[in-house]
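A.B. asks: Sequence:
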Amino acid sequence: MTRSKNSEVDAVGVVAVLNDPKSSKGPSLLLQKQFRPAVDKVTIEVPSGLIDEGEDPATAALRELKEETGYIATIPGDAKAAEGFLMFNDPGFCNTNTKMIFVEVDMSDSRNQEGNRKPELEDSEYIECFTVPLDNMWNELAQLEEQGFAIDARVGTLAQGMEMARKWKEVFTKSPA
Numbered sequence: 471m472t473r474s475k476n477s478e479v480d481a482v483g484v485v486a487v488l489n490d491p492k493s494s495k496g497p498s499l500l501l502q503k504q505f506r507p508a509v510d511k512v513t514i515e516v517p518s519g520l521i522d523e524g525e526d527p528a529t530a531a532l533r534e535l536k537e538e539t540g541y542i543a544t545i546p547g548d549a550k551a552a553e554g555f556l557m558f559n560d561p562g563f564c565n566t567n568t569k570m571i572f573v574e575v576d577m578s579d580s581r582n583q584e585g586n587r588k589p590e591l592e593d594s595e596y597i598e599c600f601t602v603p604l605d606n607m608w609n610e611l612a613q614l615e616e617q618g619f620a621i622d623a624r625v626g627t628l629a630q631g632m633e634m635a636r637k638w639k640e641v642f643t644k645s646p647a
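Residues in the sequence shown are numbered from 471 upward in steps of one, following the working numbering.
It should be emphasised that the hints constitute simulated quantities derived from the structure, not laboratory data. All of these numbers come straight from a predicted model, not from anything done at the bench. The hints are all genuine.
25 Å max Cα-Cα, derived SDA-like pairs, lysine to any residue:
1) K503 x N582
2) K588 x S493
3) K536 x E525
4) K511 x D480
5) K492 x G547
6) K503 x W608
7) K492 x M607
8) K511 x E615
9) K536 x I621
10) K644 x D548
11) K536 x R624
12) K637 x A552
13) K639 x M607
14) K492 x E610
15) K511 x N609
16) K495 x E584
17) K536 x R506
18) K536 x A481
19) K637 x T601
20) K639 x D605
21) K644 x L628
22) K492 x K536
23) K503 x D490
24) K503 x D605
25) K503 x E615
26) K492 x F600
27) K644 x E633
28) K495 x L628
29) K511 x W608
30) K536 x E574
31) K536 x V512
32) K637 x F572
33) K588 x F600
34) K503 x F558
35) K536 x S493
36) K644 x L604
Take the sequences, apply the hints, and build the full model.
C.D. replies: See the structure below:
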């Protein structure tokens, strides 16, 4: 991995939540299907990419989202974890790292409507975008895994964290005695 000069961060992963005020399904997460030769499978991933020279992680996340999916997003100012931790992917083997950036996609914005989005993929890239409802993410990923897709660690960790939060919600909301 090539780290940009004057940057401690190699890459970003984009946790893009699509909010459609007209939908009764609630918010959904934007995911991608992309073939990865290293595992010889199509993987389920979040949009992601390398940080360009002189670019901060938030700017890189918005750029990568636009390039790979055509969606225009904003980074919520009220989100505690909008720009996440500096995470080392596999520190036992290498020093590559990633920051996960949380963004919101307003589906009422005409630029995000079907037919108006214009991804800017490189010639060698083939990426299929799809969404999963946040409240059913675990089940959707389990079905995809059963169908033979490889689940990217970032996506699996996000789903597992959401399930743990759901399971332990009563602990988080319980009043101290």
